[in-house]
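With the hints as your guide, set chain B onto chain A.
Each chain, written out:
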Amino acid sequence: MTAAEPFATPDGPDVLRVSGLHVGTGRDTLVEDVSFSVGPGERVGLIGESGSGKSLTALAIMGLLADELHASGDVRLRGVDHELLTAGEAERSALRGDTMSMVFQEPMTALNPLMRVERQIAEVLLIHGTRRERAAAAAAARDLLAAVDLPDPERIARRYPHQLSGGQRQRVMLAIALANGPELLICDEPTTALDVTVQAQMLRLIVDGVADRDAALLFISHDLAVVATVCDRVLVMYGGRIVEAGEVRQLLTRPQHPYTQGLLAASDLEAVDALGHLPTIEGSVPPGGRFPDGCVFRNRCPRGDERCTTWPGWTGTERSGYACWYPIGSAHG
Amino acid sequence: MADPMADRSRVPDADTGVDAGPVYEVAGLERSFPQPRTRLLAPSPRIAALAGVSFEVRAGQRFGIVGESGSGKSTLLRCLGGLEPATAGSIRFRGREIVGKRERRLGFLRRDVQLVFQDPMASLDPRMRVRHIVREPLVAQGTPGADARVAEMLEAVGLDPAAAGRFPHQFSGGQRQRIAIARALAVRPSVLLADEPVSALDVSVRAQILNLLADLVQRFELTLVFVSHDLSVVRHVCDTITVMRDGGIVESGPAEQLWERPRQPYTRQLVAAVPTLRRALSGAGPAELVRDAAATAGGDRSAAADEAHDPKDGR
Chain A
0 MTAAEPFATP DGPDVLRVSG LHVGTGRDTL VEDVSFSVGP GERVGLIGES GSGKSLTALA
60 IMGLLADELH ASGDVRLRGV DHELLTAGEA ERSALRGDTM SMVFQEPMTA LNPLMRVERQ
120 IAEVLLIHGT RRERAAAAAA ARDLLAAVDL PDPERIARRY PHQLSGGQRQ RVMLAIALAN
180 GPELLICDEP TTALDVTVQA QMLRLIVDGV ADRDAALLFI SHDLAVVATV CDRVLVMYGG
240 RIVEAGEVRQ LLTRPQHPYT QGLLAASDLE AVDALGHLPT IEGSVPPGGR FPDGCVFRNR
300 CPRGDERCTT WPGWTGTERS GYACWYPIGS AHG
Chain B
0 MADPMADRSR VPDADTGVDA GPVYEVAGLE RSFPQPRTRL LAPSPRIAAL AGVSFEVRAG
60 QRFGIVGESG SGKSTLLRCL GGLEPATAGS IRFRGREIVG KRERRLGFLR RDVQLVFQDP
120 MASLDPRMRV RHIVREPLVA QGTPGADARV AEMLEAVGLD PAAAGRFPHQ FSGGQRQRIA
180 IARALAVRPS VLLADEPVSA LDVSVRAQIL NLLADLVQRF ELTLVFVSHD LSVVRHVCDT
240 ITVMRDGGIV ESGPAEQLWE RPRQPYTRQL VAAVPTLRRA LSGAGPAELV RDAAATAGGD
300 RSAAADEAHD PKDGR
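Going line by line, the protein sequences match chains A and B.
Mapping to numbering that gives the first Met the number 0: the first sequence position 89 is 88, numbers consecutive.
Mapping to numbering that gives the first Met the number 0: the second sequence position 67 is 66, numbers consecutive.
Chain A extracted, bound-state conformation (with noise of 0.2 Å):
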């Protein structure tokens, strides 16, 4: 993707701006050019198989990178008037949980075992100044709790992590998270490991908490029906790349890169052949850094031929378009 449209500045109406990101390990490359914006209020998702540099992405703008992966690009926040990916540690730390905060899939490796649930929650408000005094942050950290619609938050409040099943826990999560008002939310998969009925209720507070604060949301997920009800828009990444870009409605039902549409179809159980196969995307997702050169799903995409071992470059908008030479629109296949 290019960023053809001019930057926008720090107090423009982008809370979140990533332009040309890449992350590599220095041999290999893990993601390659990603550009995309996310105003107030606005709901994104990313969508994208395990390698496909989803996480990669959420974790470079959060600045936590594993020390052999490096980023480049620009990364912008609104009402931060310095680049992200170029930031000190100490500028970036300052920002991380306060500015923009982060749920992540495994709540029991997220959260610190050794520590109360409710001094996890004032850990954060006392960090970043929002309450000066360990008793204010106390009861903040309990109202928070039942915020996130955990029942008796005074009993949940002085438990350890492992005393509270999966679902309790990523609320704990999402309290942490939620805590000092971010401009951004990002939450990685975070309910996968949870049950059906506990999910619904998870999404729906991530929904309200991010509708409460007009804050962005990036959420990061494999399953498309749990981005399509959480979701404004949608991202869908392959091999490191972003392929197509759209609005929730129009990407589900005209998808034009031939990835989404072979997700699409590998995902809706209900549409079966006459033998009762499901469609399916032949082969499988490469290791990262091993994708072909050109354009990434040449080697599994049906309308694949020579003409896309070039990168097809970005057709469309950077809210809307698509990275294929044969869109599924177009005549070829």
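Any given hint could be a false lead.
Take a look, some chain A residues computed to stay more than 10 Å from chain B by CB distance [what the hints assert, rightly or not]:
no., residue
1, His21
2, Ala65
3, Glu90
4, Ala93
5, Leu113
6, Asp211
7, Thr314
Looking from chain B toward chain A, a few residues come up when the C-beta cut is under 8 Å (computed) [as the list claims (entries may be wrong)]:
no., residue
8, Gln174
9, Val202
10, Ala206
11, Asn210
12, His228
13, Ser231
14, Val232
15, Pro274
16, Thr275
17, Ala279
18, Leu280
19, Ala286
20, Val289
Among chain A residues calculated to face chain B with C-beta under 7 Å, some are [said to hold, decoys possible]:
no., residue
21, Ser49
22, Gln200
23, Thr228
24, Leu262
25, Leu277
Note that these hints are calculated values from the structure, not bench results.
No experiment lies behind these values; they were computed from the predicted model shown.
We treat Cβ as the ideally placed atom computed from N, Cα and C, and that holds for glycine.
The following block gives chain B in isolation, referenced to the frame of chain A:
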């Protein structure tokens, strides 16, 4: 709680249209685990994973078991496979009792029943080549002609014969699950027990494995018992569905009926809470999912259940 035997005894076998005899007859099955002692002199309390489960699986049936974490569905499958001793009750496999039998008396079960697990990386020995992984059950049961059978099975699950010389870590998740299936089917079992076999897979690969399972079940005339937390997957794979909760059976019935017209409030709630593309496109957000689930259940019971359940890790 619905009578689990209702309806299903009248469901004819899906593939042949004839009512074949039961493969499994389960009656009053209980399995409980001891909890840490709370008092020095009192016996340690026990938690019931299965509390009186009764059902039947007929030959050729594709029998689905759905439930949320902690419902006892995996424990039930492990009991059926003879991997977990039941505390009470009876499991008859083709008329032979397996509860209370010693391990070495379960040879008949091992020959006829094989399992596929959720995480193929954990269930395949990382130090064994694929050839040995697939051959191991054949050797264990003294079946001759193991090498030819290995090649045949790899072909059947859509793997290159060259795969035989490689190690599990050299494969993707979907390919590993194919290896696990090849190993399970190598000894020509008549029953395949699958515990969340596609839950760890990517969407595009999940469809491949589901298609493969459907083909193999038909080709080898298998009886399939399929456990999953995902009602939409079970509905796709199975002809009969049993819904479990808290170690008991909530409702059983033909798959379509259970999905379209669930009788029990809990089943209705489960169906209503599943996000689907179709529902999302008709404008349903998370608030609608929660509302529908709560409305069908006659109150938000799941929040209470979430609270009541002790966390269970390692699932």
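Query - Non-conforming hints, listed in increasing numerical order - result: none
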